[in-house]
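There are 2 protein chains.
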Amino acid sequence: MHLTKEDIQALNRVKRLNLINSITGIKPANLIGTQDKARKTNLAIFSSVVHLGSDPALIGMILRPHSDVRRHTHENILETGVYTINHIPQSFIQQAHYTSAKFDKEVSEFKRCGFTEEYISDFEAPFIKESSIKIGLKLVEQVPIKANDTMLLVGEVQHLILPEEAVSKSGYIDLGSIQDVGISGLNSYYSLEKIAQFPYARPEETPEFDHA
Amino acid sequence: MHLTKEDIQALNRVKRLNLINSITGIKPANLIGTQDKARKTNLAIFSSVVHLGSDPALIGMILRPHSDVRRHTHENILETGVYTINHIPQSFIQQAHYTSAKFDKEVSEFKRCGFTEEYISDFEAPFIKESSIKIGLKLVEQVPIKANDTMLLVGEVQHLILPEEAVSKSGYIDLGSIQDVGISGLNSYYSLEKIAQFPYARPEETPEFDHA
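Going down the list, the sequences are from chains C and X. Residue numbers for the first sequence follow the working numbering, so the first one is 1 and each next one is one higher. Residue numbers for the second sequence follow the working numbering, so the first one is 1001 and each next one is one higher.
There could be a bad hint or two in this list.
With a Cα cut of at most 16 Å, we get these calculated EDC-like pairs of lysine to aspartate or glutamate [said to hold, decoys possible]:
1. 1138/X x 6/C
2. 1146/X x 156/C
3. 1005/X x 156/C
4. 105/C x 1204/X
5. 1111/X x 208/C
6. 1146/X x 55/C
7. 146/C x 1055/X
8. 138/C x 1006/X
9. 111/C x 1208/X
10. 15/C x 1055/X
11. 146/C x 1141/X
12. 5/C x 1156/X
13. 1102/X x 208/C
14. 15/C x 1174/X
15. 102/C x 1208/X
16. 1102/X x 205/C
17. 15/C x 1164/X
The following residues of chain X were derived to be distant from chain C, with all beta-carbon distances above 10 Å [what the hints assert, rightly or not]:
18. 1036
19. 1038
20. 1040
21. 1075
22. 1078
23. 1081
24. 1124
Please keep in mind that the hints were generated in silico from the structure rather than gathered at the bench. All residues carry an ideal CB built from backbone N, CA and C; glycine is no exception.
Just chain C, same shape as in the assembly:
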């Protein structure tokens, strides 16, 4: 099947949304935890979290335009300057999915969707007790994407909380062993199984695959 730009534009809105959200491949499943100055908490599922760099440790995420609807996550991050990224354990995917409903600002998705707030001292954003891997970030940059009025939010890692036994001596995490999940499109969830690990690739050590 070959769809051109024009074919894609001619699809009905829901099919285009589902298809184009699926074509980049598997996406990470994370819940973003925030609170406002009045300590009202918010939790929202994001599949657009992306690694930006290790030194300093920077992580990005894409925010939709404010025009559609109020964006509590963004408003809270601007108010407090901090937020958390929490992995979604496999046994909590249904609850995590429903944080995407447009609840009123007065409703905390922590309580409504059955997650437990967890705090560490001197850090204003709520972590999720039920998550295996939790990251506390400070907002360092907001990068506007003109092409469609979205925004790349850049955060610097301030805190990293994870099970010691999940981290190998070299710093790798086996996402299968901690029951991590991935997302495809807007609503499909996948379990992960590690099938291979390869060394750092150097030209002179690269096997000959030349098939011509």
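The hints should help you fit chain X onto chain C, whose structure is shown.
Relative to the frame of chain C, chain X by itself:
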């Protein structure tokens, strides 16, 4: 285990690189196909591809700073204005991984790593014959990220090539059925199995998870 920003900075470089590249969760596994004006092709593995929007269909990817090393992918995209994103089939992960070796500009990773170039008319960038899902993009925006001198490259989908039987009536793709893979960190590969699908979440239809 709780690591602060200072603890992370104090890790040795390789452990920090592996750990921070792992903490965002599973990442999509894609090969970026390009060629320069002289039709020398290039193929490079990227795990930072991210969905930006469906209408128009926009996809982002993160480029490392040019300072480290020559970036053939970026140079080629600037020369021709187009590039391809190709999913990595499970049976080709080793070959795909080795495209990350820093081969000389004269070496095409297509030939060196055993992939077959495929072209469609009036589109200058090479697709991968062996891939299940292939996307042809036109560069529309380069967004500098000041915090660490990286860049978000924004492309608009011009062509989408995929197996018709992999797409459901509503536009979903089962990534397990097409043997898609995910990446963790810099060198670990995962198979994917769909475990759940939930409806679009509306507040009034959201089950009660309140555990308090």
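Least C-beta distance from residue 1078/X to chain C larger than 10 Å: With a cut-off of 10 Å, residue 1078/X remains clear of chain C, as the shortest Cβ separation is near 17 Å.
Proposed proximity, residue 156/C with residue 1146/X (alpha carbon, max 16 Å): holds (13 Å)
Straight-line alpha-carbon gap residue 15/C to residue 1164/X, limit 16 Å: holds (14 Å)
Straight-line alpha-carbon gap residue 1005/X to residue 156/C, limit 16 Å: holds (9 Å)
10 Å Cβ clearance of residue 1075/X from chain C: holds (18 Å)
Holds or violated: residue 1111/X to residue 208/C, with C-alpha atoms at most 16 Å apart: holds (10 Å)
Beyond 10 Å from each Cβ of chain C, as asserted for residue 1040/X: Nearest chain C Cβ is 15 Å from residue 1040/X, so the label holds.
Hinted pair residue 1102/X and residue 205/C, Cα distance within 16 Å: Holds, at about 11 Å.
Hint consistency between residue 102/C and residue 1208/X [alpha-carbon to alpha-carbon, up to 16 Å]: holds (15 Å)
Holds or violated: residue 1102/X to residue 208/C, with C-alpha atoms at most 16 Å apart: holds (15 Å)
Satisfaction of hint between residue 1055/X and residue 146/C, Cα-Cα up to 16 Å: Distance of about 14 Å is within 16 Å: holds.
Satisfaction of hint between residue 1055/X and residue 15/C, Cα-Cα up to 16 Å: holds (11 Å)
Violated hints are absent here; each numbered hint is respected by the structure.
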